[in-house]
Each structure stands twice: as structure tokens, then as C-alpha cells.
Amino acid sequence: MTPEQRSDSAALLRGVVPPGSGYRDPDALRRRRKARERFVGAVLSGFSAISILTTVGIVLVLVIEAASFFTHVSVIDFLFGTKWMPLFRPQSFGVLPLLMGSLLVAAGAAVVALPIGLASAIYLSEYAHPRVRAVVKPALEVLAGVPTVVYGYFALTFVTPLLRQIWPETDIFNGASAAIVMGIMIIPLVSSLSEDAMSAVPRSLREGAYALGATRFEVATRTVVPAALSGIVASFILAISRAIGETMIVTIAAGATPSMSLNPLKAVQTMTAYIAQTSMGEAAHGSIEYQTIFAVGMTLFAVTLLMNVISIQVLKRYREVYE
Amino acid sequence: MSAQATARHPSAQRDPSRFEPRISRRHHVGSIAMVLFLAATLVGLVFLVILLVDIWHDGAHRLTADFLRNPPSRLTSRAGIWPALVGSVWVLVLTAVVAFPLGVGTAIWLEEYAPNNRLTGIIEANIANLAGVPSIVYGILGLAVFVRALAMGRSVIAGALTLALLILPVVIIASQEAIRAVPNSMRLGSYALGATRWETIRHHVLPHAMPGILTGTILALSRAVGEAAPLLLVGAVGFVQFAPRGLQDAFTVIPIQIFNWTSRPQAEFQELAAAGSIVLLVLLLAMNAVAILLRNRYAKRR
Chain G
755 MTPEQRSDSA
765 ALLRGVVPPG
775 SGYRDPDALR
785 RRRKARERFV
795 GAVLSGFSAI
805 SILTTVGIVL
815 VLVIEAASFF
825 THVSVIDFLF
835 GTKWMPLFRP
845 QSFGVLPLLM
855 GSLLVAAGAA
865 VVALPIGLAS
875 AIYLSEYAHP
885 RVRAVVKPAL
895 EVLAGVPTVV
905 YGYFALTFVT
915 PLLRQIWPET
925 DIFNGASAAI
935 VMGIMIIPLV
945 SSLSEDAMSA
955 VPRSLREGAY
965 ALGATRFEVA
975 TRTVVPAALS
985 GIVASFILAI
995 SRAIGETMIV
1005 TIAAGATPSM
1015 SLNPLKAVQT
1025 MTAYIAQTSM
1035 GEAAHGSIEY
1045 QTIFAVGMTL
1055 FAVTLLMNVI
1065 SIQVLKRYRE
1075 VYE
Chain Y
13 MSAQATARHP
23 SAQRDPSRFE
33 PRISRRHHVG
43 SIAMVLFLAA
53 TLVGLVFLVI
63 LLVDIWHDGA
73 HRLTADFLRN
83 PPSRLTSRAG
93 IWPALVGSVW
103 VLVLTAVVAF
113 PLGVGTAIWL
123 EEYAPNNRLT
133 GIIEANIANL
143 AGVPSIVYGI
153 LGLAVFVRAL
163 AMGRSVIAGA
173 LTLALLILPV
183 VIIASQEAIR
193 AVPNSMRLGS
203 YALGATRWET
213 IRHHVLPHAM
223 PGILTGTILA
233 LSRAVGEAAP
243 LLLVGAVGFV
253 QFAPRGLQDA
263 FTVIPIQIFN
273 WTSRPQAEFQ
283 ELAAAGSIVL
293 LVLLLAMNAV
303 AILLRNRYAK
313 RR
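If you read the sequences in order, they're chains G and Y. Every position in the first sequence, counted from 1, becomes a number in this note's numbering once 754 is added. Every position in the second sequence, counted from 1, becomes a number in this note's numbering once 12 is added.
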């Protein structure tokens, strides 16, 4: 049928078929369905653009406000200065103390989380009965779901007093208690991702190792862990990046004293805690204090982005693919 | 030659070319290691139990009907969490309303519509990276875009939009996984009967993927409900006496209220913080229970 004939038959039917009989013109239907398809596709691709806009928005906001900050402070002074004193005169805007604070707490968290997380992953993947794993794995993941303010409260009111009993010179606000609690918080990140990587190692590799006379421990540490190494390393990097970006635990428990000291029992201020604490005070819009939020935020964003990209690259490039 | 020689002379034990099984010693090392692995696994669980017991011990006696009904107060005996509780529910609902359609829509587009080209690859990599951006950076974005540029002020809607952007990548990734798990035969069957792409998605793919999508979304929302850092920047600070009644109202949420209480030195306020933590944990537990129930219900209907 040519289109003309089709619409002829539709016109013919229009007079014959009584309205309300349920008959609908197939051409009109087809057109409507096509239009709806195009509409839905357009809307959905529009939704997908939001995620790109979010990234563009973050970068633009950070760069624009930080740019006006850097008209007052030179980039060199910011990146390499060892004094962060935005509130007192003479002001000083060296970001290194905040960066050191973030790295110190994240390193402490890594010392707690990486060995415990990896050992848990080995246990869950290589030793635990499937029924035990089915209970323990989600229970561990609850640790990642506890709100960070609750961890902060716990660090301040439980862990810090404990530390002060052991080392009486510990400050009320200190890096160690924040680091310990943060380390516990990121255990499931390490253990879950590492366990996934180890579970993906094929059974044949394990059986080959057993056939050569290896013990269970040797199979786990010399066959499975090396085979899953890319996933394990990626989980480590991701966990440290999470620790650097964590805000509430350090804001509550680590203090507000920027310092270059490496003593974990002293108060430290991290980049995130500085941003949070400054935003609560009334930093006037457009003032240099307000702009520091964006300059420090840009530093934080750059550090965590770099680590996340490295983690994804490690996964991609060094993954051993087993079929 | 030398291996044969050592085999004949048991005194030459130190020959490195000779394999010595020492099996009992290796098993010994193995069992010590197993105990250590088990202990490491228990560390996390024990810590979780201590945390919960400690918070219950500190805060349970503050949990009264008045605590749930009252606004915060300088008098710790009369202080309550009502405005923060209502604020959290507002933020939860608004965040869900924004993030759910955007997240699921993006996931559908990426899985069912997007051409397999570089742009799609960039969008996916971008989403993976967004999931790793610290939450406080989203707060900075919310402060600059919603609070200032769009002049929403320190309002519920500015907070909810910020949190929606924060959880969007998580919702997208969870939805993508759920959609990917729908067997292709369902799509082909639907197309064979003459359905269009959208009809196939609406009537077959989405209903099948819905349990996974809902579970992922609720887990993402429970992250939003526990977040405090980005909302500090968007302005949910301080001492809000009244529950919000509209999108433009000032607000606070439970985590911010807890933070507010922890930052006071007096022990009574710390107890209030613990009591607030219990309320927050119960809310999160309820949300997770809903996620599991929804998943089971959908799974049965399938």
C-alpha cells in the first residue's frame, strides 16, 4: 500500500467506524509512538548531561573563586608556605599545614584499615564458610553506613579518653583518635573490594597451587593475593582517598590547629575540617576568608581526584583477566 | 649428581637445591595466620558492637517523648530534636524526588540508548569519578550555585539539591547494574511483538530491574540522611527552633544537630548527641529494612 492508499482507507473507515468502538487510526498511532520515542530519548539524554554539568560546575566554581583568591596570594606562597593563619594579622596562607594534617590523619587511618581490611578479605575469601561470609560481609559493611558524625562523637568521647589514659599528654582534640576511628570506618571499603577481587581469581589457580603441595596459607598469600593485586591496590588507594575527603570525624575530634607537627597526639587541622569550620563562622561573601574555602577545596579536589584516577587506572591496566 | 649425593648422605642437610617440605612447620604457620585473619575480621565487628553499646549507654536515658517533640534548647533538660527530625524527613523526600528520576533516567539512557562511542565512555568515567569526590566539595558547589548564584539562600531546597547531586552517581551506578542484569531475551521478545524501545523499557526492563534500583536508591538516600559536611556549607547550621514548612525555610537535620551538640563541652550536651545518634541510627535502620522489604516483595511478584 502506498501512503496515499493507507490514508484513503483511514478516511474511509472514519465515516464507517462509530466513535468509541476502540478502533484507532494506525497512522496516527504510529506517528504518536514515534514522537514519544524521540521525546523520551531527548529527555533521558538531557538527564545524562546533569552529571557532566555537575563536574563542570564543581571545576568552574572552584577555579573562579580560587582565581580571585590568587589575586591576593601568590600560588607559590599558597602551595609551599608552611604557615596557615587566615584569621590573625599578619595573615599567612600556606596550605602545607592543612595538607600535612590531612595526610597525617589519612596515613594513620591507612595503618589501621589496610592490614585489617586485607586480612579480613583473605579470611572471608579463602577461609570462611559461605554461610559465615553471608553474615559477616554485610555486618562489616554496616561500618561504612554509620554516619560520620556518630563516629566523630565516638572518637571524641570514647577513643580520646582511652588514649589519654595511656598517654596522658594527649590533647583533647588529637589526630590519633580521628585516625583510628576513620581507619575502622574504611575497613569495609578495603575488605569488600579486595574480597571481590580475590573471589574473581579462578578456582583452577588455587587447585594448581594445591596440586604442587602448597598449604592453604601459601595458596592464599602467594597465589590468590598476587593474582588479585590490582583490585587490592585499587581498594587501598580508594580507601586513602576516602580518608582524605572525610570531614565530620576530623572536624569533631581532631581540632582546629593547623600545624606541621607529625605528633598524632596533638591537635591538627585537615583541609576538610578547615573548610567546615570556616563555613560555620560568618565568613562574609567575597572576603578573603570566604575565598580560602574555595582555594583549599580546590586543593582537596585535586588530591582526591588524582588518587581516584590512579585507582581506576591501576584496575584497568594491571588487571589479570581470567577466562 | 650432587642431588644424588646428598640423598645418599643425610648429613648434608643444607644443600639449597634439595626441597625440604617441612610440612608440619608450614601448617603451623598457616594456622597461626588463620587465627590472625579471623582476629582481623573480628576487629571491625567488635568495634561496631562497642560503638553501638557506648552510644546506647550514653544516650538511652535521654530518649523520651519530650526529646522527640521539643526543639533544641539551652536547657539540656528540655532540649529535643523535633525540628532536626522533620528537617531530615524533608531533605530525604526532596532528595529522593530529584535524585531518583535523574539517576534512573541517566542509567536507562546509558544502558539502553547511548551509542557505544567516546562520549558515552567519557560520561561513564565522569560518573565513576564523581562518586569519589569528597562530600564537602559538593557542599562548596551547593554554596556557590544554589545558595548564592540561584539565590535560594540557606533553605531546605538548596540542601536537598546539593545532596541529590551528591548521591546521583551512586543511584546511577546501582541502577545501571540492575538494568544490565535484565536478560536480553526479554528485550528481544518485546521487540518481536512490535513494541518500541521505550515501551520495552517501561513494560519489561524497568519492572525487572526495579528491585535492584530501589535497593540501590534507598541505600544512597540513607547515605544522604547521615551526611552533615555538605549541609554545613549550604547553611544548615545552628539553632533552628522551628521545623521547616516550605521549600524556602531555614532548616537543620539530625546529623547537624548532633554535630552542634558534640561541639559543646558540657557532658549533658554530649548525652544529647548520643541520644540524637540513636534516633539517626534507628531512622537509617528503618530505611534499610524498607529496602529489604521492597526487594523481597518485588522478587516474589516477578
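Think of the hints as simulated: they come from the structure by calculation, not from any bench. Errors might be hidden in some of the hints.
Here are the computed distance ranges between Cβ atoms for each label pair [as the list claims (entries may be wrong)]:
#1 Y:Ser197 x G:Pro869: 39 to 47 Å
#2 Y:Ala143 x G:Arg1071: 28 to 36 Å
#3 G:Ala782 x Y:Arg130: 19 to 27 Å
#4 G:Leu916 x Y:Pro113: 25 to 33 Å
#5 Y:Pro28 x G:Val813: 26 to 34 Å
#6 G:Val886 x Y:Val109: 24 to 32 Å
#7 G:Pro780 x Y:Ala301: 45 to 53 Å
#8 G:Leu807 x Y:Ala193: 44 to 52 Å
#9 G:Lys837 x Y:Arg160: 44 to 52 Å
Here are some, though not all, of the chain G residues that point toward chain Y, as calculated from beta-carbon distances under 8 Å [as the list claims (entries may be wrong)]:
#10 Tyr877
#11 Ala893
#12 Ile938
#13 Gly1040
#14 Glu1043
Virtual Cβ for every residue (Gly too), placed ideally from N, Cα, C.
Verification of the hints:
For the pair serine 197 of chain Y and proline 869 of chain G, the supplied restraint of 39 to 47 Å holds, since their beta-carbon distance comes to about 46 Å. In this structure the hint that alanine 143 of chain Y and arginine 1071 of chain G lie 28 to 36 Å apart at CB is violated, the actual value being about 20 Å. Taken as a hint, the range 19 to 27 Å is violated for the pair alanine 782 of chain G and arginine 130 of chain Y, whose Cβ atoms sit roughly 39 Å apart. At about 47 Å, the CB distance of leucine 916 of chain G to proline 113 of chain Y disagrees with the hint of 25 to 33 Å.
At roughly 59 Å, the beta-carbon separation of proline 28 of chain Y and valine 813 of chain G lies outside the given 26 to 34 Å, and the hint is violated. Here the CB-CB span from valine 886 of chain G to valine 109 of chain Y is close to 40 Å, at odds with the stated 24 to 32 Å. With their beta carbons about 49 Å apart, proline 780 of chain G and alanine 301 of chain Y fall inside the hinted range of 45 to 53 Å. The beta-carbon spacing between leucine 807 of chain G and alanine 193 of chain Y, approximately 28 Å, falls outside the hinted interval of 44 to 52 Å.
A beta carbon spacing of about 30 Å between lysine 837 of chain G and arginine 160 of chain Y contradicts the range 44 to 52 Å that was offered as a hint. The criterion of a C-beta within 8 Å of any C-beta in chain Y is met by tyrosine 877 of chain G, whose closest approach is roughly 4 Å, and the hint holds. Evaluation of the alanine 893 of chain G hint against chain Y yields a held restraint, the C-beta minimum of about 6 Å falling below 8 Å. A distance limit of 8 Å between C-beta atoms decides the matter here; for isoleucine 938 of chain G the minimum to chain Y is near 5 Å, and the interface restraint holds.
A distance limit of 8 Å between C-beta atoms decides the matter here; for glycine 1040 of chain G the minimum to chain Y is near 10 Å, and the interface restraint is violated. At a threshold of 8 Å, the smallest CB-CB gap from glutamate 1043 of chain G to chain Y is about 14 Å, leaving the interface hint violated.
Of the hints listed earlier, those the structure fails to meet are numbers 2, 3, 4, 5, 6, 8, 9, 13 and 14, in rising order.
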